[in-house]
Amino acid sequence: MKRDIPDLAGGVLLAAIGLFVTFYAVGHYEIGSLRRMGPGFFPAFLGGVLAALGVMIALPALGRQGEAIRIAWKECLAVLAALLVFAAGLNQVGLVLVTLASVLIATLAAPDCRIGWRIALAVIVTILSVAVFSFGLKMTVPLWPGR
Amino acid sequence: MSGWDGFLHGLSLAAQPDVLIYCVFGVLLGTFVGVLPGIGAMATISLLLPITYYLSPEAALVMLAGVYYGSQYGGAVASILLRLPGTPQSAVTTLDGYPLAQQGRAGVALFTSMISSFSGSMIGIFVLIVLSGALARAAIAFGAAEYAAMMILGLVAASTVGAKHPAKGLAMVVLGLILGCVGTDVNSGVQRFTFGQTELMDGVNLVALAMGLFGVAEVIANIRVAERTGVPPRVALRELLPSRSELRRIPFPALRGASLGSFFGALPGTGSTISSFLAYAVERRVSRHPEQFGTGAIEGVAGPEAANNAAAISAFVPTLALGIPGDPIMALMLGALVIHGVQPGPLMLEARPDMFWGLIASFGIGNVLLLILNLPLIGIWVSMLRIPFRWLYPAILIFVCLGVYSVRGSSFDMFAVALIGLIGYALSFARFNPALLLLGFVLGPLIETNLRRALLIARGDPMVFLQRPIAAAFMVVAAGLIVMSLVQVIRRQSNRAV
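Read top to bottom, the protein sequences are chains P and X.
Numbering follows this note's numbering, with no gaps: position 38 of the first sequence is 18.
Convert by adding 29 to the 1-based position in the second sequence; the result is the number in this note's numbering.
For the record, the hints were derived by calculation from the structure and aren't laboratory data.
Any given hint could be a false lead.
Not the full set, but computed from the structure, chain X residues with beta-carbon under 8 Å of chain P [what the hints assert, rightly or not]:
1) I80
2) Y83
3) L84
4) R317
5) E320
6) F461
Since we're looking at a predicted model, the values are computed, not measured.
All C-beta atoms in this analysis are idealised placements derived from N, C-alpha and C, irrespective of residue type, glycine included.
Generate coordinates for the entire structure from the input sequences, incorporating the hints supplied.
If you want it as structure tokens, here you go:
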């Protein structure tokens, strides 16, 4: 059975988002008339268009072979983990520690595996970010835990 | 103020040290990220967007614009040396630039691209001065219907012209328009799609959206890819100079490319990438030796490089004169202007002449700087290609987080960046273009406001878009583009079935 999985999934997902937007807008916001559009008019209309486009993308994908996709799992996880740690930790442990931790996590995805290089990079990026954002731009952000 | 007086006045403003320094920084950074495959102007401008809060509006815009046209210069370097376009706009340059490099003529190809880029930019600036003033004057007569129709045309053109999958492009635009609805509705004060999150009351944060889609998603996609770039050859300064017969092959292709680029750049929706492809096709058509193309024809480098630079400059015409960005990068520029309380449009020329002319004059200064700096620095730019991506991306990630946090000190926005980055990465699998999503997002509120106003004035009669001649022309072209791309898709599918 031939399927273009990325197109099929993408189209179906877009159609679902479109339908949700339309129904949510109709259910929660006033639609109004063409003359006096309510807040729900534009999103409800757009949701319908998106749903139609999603179907247009998904239907032809049923009968053809898609390209094989390779998801960069390791890279994706490392980057997301680094971002989440940074977002959660910035106000808790301060800029210095959170930057060190995030860079170390992010480098897990790098092809170069030497630990010395990772630590060196983490220190350099930390110095840079403190210099640019804390001293340079005078951003109010805690540098160390507990201020 | 007439065009040339304005430009001269602008020169005196843009040459002030506190603006000039950001111009220099912008063009150098632009060249740097243009040279490096894996980071583009889009990601860099999103990264810099929060930093511009700390600058004067003039300095901010001059810097961001410098990054954009600087990256057009840099993009050719990797195209020529590694057959790996540093920016999508310079993808065509690989066709003849790389064969030239393999024949040991890399220096000549680089010189050609630099000098053509410069002439393209200069012609683009000329067109910008002439057109934007005239357009701004004409646009004062534009009503809400014309604005709405023009933006719809821009979005349709951006997603269908030259696109392989117009439905995907349109879907991204519509998704962007929907995202633009999130937040407080200006007309009624109703909170739309905020799901009780107070952070969403002002809408989805432009900086978070741009950084997630371009910063984070590009980092994920490029960690592995960018490691396999290969080693660029060394280029010495004296290798740059072309022979006299080669030199003679540059001016006319550059001129043709620049005219083409200025024209298509100024149209909404058709940007510098399309211009460079068109310029290449034109050069091959008019050449007396079309068989040389693809094997190292100077014309094949000069035409496209002039075209993409001219288009990058003339793209500012609709952005500044009408307040309507024609491509996603211009959408970010518009966002930056609005952040600083400058509303681009026909009235900007009257209300903020300093800003308007200062910015245009800075293009002239920036391009002269690029020409003076890039030729001697070419060895340094080439050696930049040896920096492994793994040295850069952790810093990019940290700067993304801090940048988005600096906007309003919100941890919510940092989590949003991670989520948007994941979505952006997922979009790339089905070849959805996130740049179109961003264009829709920026234009969404503008379209909705003008649509509602136009229909209110017309007492709810949708025929208003066909009765007013200018609006009707925009709508007819937009409908024509949709029909054309439909025909194209159906023809392709029936070909496959046979």
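Find the hints from earlier in the document that the structure breaks and name them by number, from lowest to highest.
-> 3, 4 and 5
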